[in-house]
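Colleague: Here are the chains, one letter per residue:
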Amino acid sequence: MGQIKFMVGMAMVAMFAISIVGYTTNFATENTVAVDIGDNSELVNLKDTSETNLISFASEANGSLDALFKGSLQQADTALATGSSFKTINEKKTTINIITEGFRGIFGNNTEFGVLLTTLVSLILIISGLYLYKTWVGKNPN
Amino acid sequence: MPFAPPNYTMPNLSSGMDDAIIGTVTAVPIFIPMFLLFVFGVVTIGGSISQKRRTGLVDLPMWATMGAMTTLMISIAMTTFEGMMNLYTLSTVVTITIFCGFWLFMDRGRNEI
Numbered sequence: 000m001g002q003i004k005f006m007v008g009m010a011m012v013a014m015f016a017i018s019i020v021g022y023t024t025n026f027a028t029e030n031t032v033a034v035d036i037g038d039n040s041e042l043v044n045l046k047d048t049s050e051t052n053l054i055s056f057a058s059e060a061n062g063s064l065d066a067l068f069k070g071s072l073q074q075a076d077t078a079l080a081t082g083s084s085f086k087t088i089n090e091k092k093t094t095i096n097i098i099t100e101g102f103r104g105i106f107g108n109n110t111e112f113g114v115l116l117t118t119l120v121s122l123i124l125i126i127s128g129l130y131l132y133k134t135w136v137g138k139n140p141n
Numbered sequence: 000m001p002f003a004p005p006n007y008t009m010p011n012l013s014s015g016m017d018d019a020i021i022g023t024v025t026a027v028p029i030f031i032p033m034f035l036l037f038v039f040g041v042v043t044i045g046g047s048i049s050q051k052r053r054t055g056l057v058d059l060p061m062w063a064t065m066g067a068m069t070t071l072m073i074s075i076a077m078t079t080f081e082g083m084m085n086l087y088t089l090s091t092v093v094t095i096t097i098f099c100g101f102w103l104f105m106d107r108g109r110n111e112i
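Quick mapping for you: the protein sequence lines, in order, are chains U and D. According to numbering that gives the first Met the number 0, the first sequence is numbered sequentially starting from 0. According to numbering that gives the first Met the number 0, the second sequence is numbered sequentially starting from 0.
Just so you know, these hints were derived from the structure itself, not from any lab. Heads up, a few of these hints could be off.
[To be verified] Derived DEER-like restraints, expressed as beta-carbon distance ranges:
#1 I21/D x S58/U: 42 to 50 Å
#2 Y87/D x D47/U: 15 to 23 Å
#3 L12/D x I126/U: 20 to 28 Å
#4 M72/D x S40/U: 19 to 27 Å
#5 L36/D x D65/U: 26 to 34 Å
#6 M14/U x G15/D: 37 to 45 Å
#7 D17/D x V114/U: 40 to 48 Å
Virtual Cβ for every residue (Gly too), placed ideally from N, Cα, C.
Generate the whole structure from the sequences, applying the supplied hints.
Modeller: Written out as structure tokens, the structure reads:
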């Protein structure tokens, strides 16, 4: 999967999770309901954490883009040594939060299912690490 | 031969259909989760088969997400009635909807959403 597709996918997943939990929470707030999803603190924390991560991702992405536009390269300059233009760290946290809460919601805190969660989170960490490494070395991020 | 009384409590329709349904849900707690599973299955499986017949290809992540969102809308509407929905079922429906969305966006190519 290309890095652009991965980043877009992660951002879409975070926005989808926020919108679903937000809609359910606001419905309970505005109507007289017998069951309020706001009583489930894990889902509300997931929404708040995803919102915070997306807001910081948006500001970092804007900052990186500004630095890219306003920067300059002279002849015979060496290429960027850091991968700071293509940070995806916060999306990783958001995705890991979503997957963790999803598995806990469906399977509970059972230790037998913990191996599934650990494997999935490790896989995402490895993929994120590989993409960061590729960007650092200067290859095509797509 | 006299009619033997049933071994279960008959639904009481004197106060309306709402109470009859809630009485059924109270007596058989698995009724609402099974009904929601039925809704999810109809939308997902029915839509997939229909698409397969029309186009030859099945976009299962999209149909799973549509089924999950339909189920979520019905679950949210049910929360307005006392005794019909519980927090565990609603949380499970929300979690499954988020997972189906995760599957949908991971399945898309670069030029799609």
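Colleague: Provide an ascending list of the numbers of those earlier hints which the structure does not satisfy.
Modeller: Hints 3, 5 not satisfied by this model.
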